[in-house]
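Keeping their order, the protein sequence lines are chains H and P. Quick note on the numbering used here: the first sequence kicks off at 11 and runs consecutively. Quick note on the numbering used here: the second sequence kicks off at 682 and runs consecutively.
Be a bit skeptical, because a hint or two may be false.
To be verified - Which stretches of chain P does chain H cover? Using the computed rule of at least three CB atoms under 8 Å from a CB of chain H, they are: (1) 720-731; (2) 758-769; (3) 873-884.
What the hints contain is simulated information worked out from the structure, not anything from laboratory work. Ideal Cβ positions, reconstructed from N, Cα and C, are used throughout, including at glycine.
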Amino acid sequence: MTDIILNRKNPWRSETASIWSSPVESIASAMPSEMAGFAARINQLQMEPSPATLPVTANAQTTAERLFDATASAKILASRVAMYLTEDQRRKIFRQLDSIHDVNEWDEDDKPIRKTSFATFLKALLVLSPQRHPGMALSQEGNLIAAWIIGVDRLTMEFLPGDRVRWVVSMTISGEKERATGDVTISRLGECLMPYRPEHWFTRG
Amino acid sequence: MPATESLAENYSRAPIIEAVIGINFASALDEEKIRAAITKLKRHYPHIQTIKNLRVSIRLDGADPSSPDVEPIVGYKLSTDDQTQVIVLSPVLFTFSQLPPYPGWEHFIQRFERDWNVLKRIWGFREIVRIGVRYINRIDIPIMEQRGQAESVVAYENYINIYPKIPESVEPLDAFSLQTQSYLRDVDCNLKVNSASVLSPLLNHASFLIDLDISRERTPPQKDEDIVALLHAIRLQKNAIFESCISDQTRAMIR
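Turn these sequences into a full structure, and let the hints guide you.
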């Protein structure tokens with residue numbers, strides 16, 4: 011049986027994998043002409059970038075252009091997992107992305123959403139499968155923040171790059187206010203929230 | 682390869698991550714004509730971005746094999762608000778792309794015909810040298826984490842039928858990428874299949890691409906009705922090939 015091993019610590023397996031690159035092109039210019047033809051044939055073996063993944067120019071951008079690029083990148087990320095989201099979820103996420111990047115409300119000291127943070131958010135969303143949709147905001151570093159508020163109880167998560175989540179909960183338990191916080195990987199998030207009744211936050215009453 | 686209407690695009694979790702129709706032209710269009718096309722299409726695709734160093738590679742019969750026929754050019758990427766519908770315009774290339782959620786072939790081809798008709802009205806007749814259809818699929822395989830171990834192993838050959846055959850001495854793999862090139866006699870087209878492991882966007886999953894690129898470069902059709910007929914024929918072939926690239930286990934996952 012042929013297997014593939016998942017080593018999460020493997021540094022060269024980046025999201026924009028080497029299958030999209032064309033290192034041969036940079037070598038071809040230094041080759042004699044007969045070798046350049048060989049390089050061209052090797053180039054044909056490369057997996058070409060698809061239209062949606064073509065890099066766009068990003069110089070001399072206005073604020074509106076910067077914000078558009080950031081939200082566009084996030085929406086393309088969401089499309090990659092759209093088959094696992096409901097249409098309602100997708101619509102709400104996109105509406106909130108546009109709202110938190112409203113150019114009329116934007117502060118130049120703020121940073122637009124980081125792709126890596128949004129990727130963590132999407133993974134977490136698919137793991138937690140909340141029926142209640144959270145409120146969304148941005149941290150100063152451009153990390154996505156999601157909040158579930160029920161009465162005076164509040165669960166807030168900040169989605170960090172690298173599948174990490176920083177969470178804070180404030181909850182009334184047996185008449186007493188309890189607060190807790192954590193910084194964990196997505197895979198540990200469900201277990202860490204167990205004492206604080208995930209169904210309280212995520213299930214529609 | 683028998684063509685089929687099959688289930689390929691009708692799965693509830695269709696694994697299509699991008700569907701593309703690409704048309705390459707023999708001669709370059711001037712910037713004014715491209716801008717005119719953008720103006721007309723803007724109402725469907727309100728967002729416009731510039732792509733520099735867009736590389737277009739065309740294999741022409743009889744071309745000098747020693748000259749790599751690629752050159753950097755400027756293109757424009759037009760997109761909808763939700764980024765699911767994209768077109769790329771450049772002097773020699775028109776690509777038409779759909780990201781998930783995939784709306785189905787009929788909707789996809791109707792949108793293509795709508796935009797193609799707009800371009801034809803502005804650009805007039807332009808000789809076509811290549812027509813291609815590309816469907817990029819991603820198969821997401823859930824894995825059971827083995828407690829106390831840093832690594833999990835996935836037997837991908839239970840899910841996909843196109844992968845490298847390797848000796849036990851190099852197992853297990855960290856990643857793979859392979860490409861096959863062949864000829865589809867039924868539609869007189871070239872087939873390029875890329876299969877590769879990719880980082881999964883899902884937690885506790887291993888993901889694999891099955892990228893099917895079917896194109897005609899030898900006497901591609903020039904008339905609109907023949908172009909659309911070819912696209913329909915390619916689509917049926919693509920469906921059959923996709924079905925042959927996945928196992929029943931994958932079908933059960935995406936049904």
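Right, here's what the structure says about each hint:
1. 720-731: holds (count 3)
2. 758-769: Answer holds; 9 residues pass the 8 Å Cβ test.
3. 873-884: holds (count 8)
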